[in-house]
Amino acid sequence: MYRPGGSVLHRTPAGPKLLTVMALALAISLVPASPWLLAGAIALVIGCYLLTGLGLRELGRQLRDLRWLILVMLVPQALFLSLPTAAVNITRVVVVVLLAALVTLTTRTEDLIDAIAKALGPLRRFGADPDRIALMLSMTITTVPVIAGFAAQVREAQRARGVPVQPLAFVVPLLVMALKHSDDLADALTARGVD
Amino acid sequence: MTSEIHFENVSVEFSGREVLRDLSLDLDERRIAVIGSNGSGKSTFARMLNGLVTPTRGEVRVHGVDPARQPKEIRRRVGFVFSNPDAQIIMPTVAEDVAFSLRGRGLTRTEVQERVTAALDRFGLGEHADAPAQTLSGGQKQLLALCAVLIREPGLVVADEPTAYLDASNSRRIARFLLDEMPQQLVLVTHDPRLAARCDIAVRFEAGILVDRGDPAAVIARYEEEQL
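Chains as they are written, first to last, in the UniProt record's numbering: chain C, 1 to 195; chain L, 1 to 228.
Simulated from the structure, these hints should not be mistaken for lab results.
A couple of the hints might just be wrong.
Covered stretches of chain L (in silico footprint by chain C; criterion: 3 or more residues with CB under 8 angstroms from a CB of chain C, positions within the stretch not fixed) [as the list claims (entries may be wrong)]:
id	stretch
1	57-66
2	98-107
With a cut-off of at most 25 angstroms between alpha-carbon atoms, the simulated DMTMM-like pairs for lysine to aspartate or glutamate come out as follows [what the hints assert, rightly or not]:
id	chain 1	residue 1	chain 2	residue 2
3	C	Lys118	C	Asp131
4	L	Lys72	L	Asp28
5	C	Lys180	C	Glu156
6	L	Lys72	C	Asp131
7	L	Lys72	C	Asp184
8	C	Lys118	L	Asp28
9	C	Lys180	L	Asp28
Ideal Cβ placement from N, Cα and C applies to all residues, glycine included.
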């Protein structure tokens, strides 16, 4: 989510930022791994977070949010590959995700959506509506905390009744709440003039 | 001359069930309260004003526009505030959500920014402009919804139980704005007799039929008498 600021990265337009992150992601993923490459990539991430003024605390917060992703990647890789190879692979992914997070942290969603809509412009000739796709992406970002709130409500309701947490008893009410929310949101969109 | 809100022999059916029956009504008052029991048809009535519900039969005119036939025009003229503040937030941050209402108006980015800043300041949300909208309190979210509606400068605001999810202090804040400060015509669907009493007229629905209309105090008194 966007954090206001006045750094160079905040002032850089969304399009060039997205292209740079894509290029860096490709480079980090495709260039054969070496300790220098990974050290350079990590230094780049730290440098960028310091440059934005968000600091190492924000970097730590982002890393903490990635802990489950790291765990999910680590377990199978540690089983089937050597530990150094697993560490290299995970470092690559984490670096790319942290760089991508920098884009969302330093760019207003509105600017990001406009850039994506512009990039998808050529798809119009195939019948796609880039503005609609961009709006959908933006609403997805808005809805994530809402759905997380619903999940917490369902868990609390189950705990309050002393019901042990079962996947089906958790998923069904969550799905119903999510569908109701999507209906309400559709009405709100219509009322605001989006058909 | 047709009234600002004009319903003539309007009926609405959902899946063969009649939820509003043969409604004929003309309203020109500035603050209109809509009351009635749950499932009485008051929300259906409110939703027709913005074209969210289309009548099965009859004619509807709101500020000279037919909501069913001129959906774009009606949404320019009529703003709608829902009861659940969470379900009205479309964009991730507060400023972006208000700016979303100005899309397609042909305004420059600077003009949009200026209008959004002024609107947020008016609602006391200026300091939250860049905050994620979902982190606001319930009252602030409802203020945000109002702000997003009013920045479009509608002639009529329809509020469907806008204080239902709010605590007493936030309810008072929203009610004060809607009933005392907002210059637009207001249709307020509410279960709160104190809010209805502050309107210029009250209409009451029961089982899909308009059963009473007139001075709010008298309509509420008859309603409460029947509830006993």
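Hint check, failures only | 1, 8 and 9
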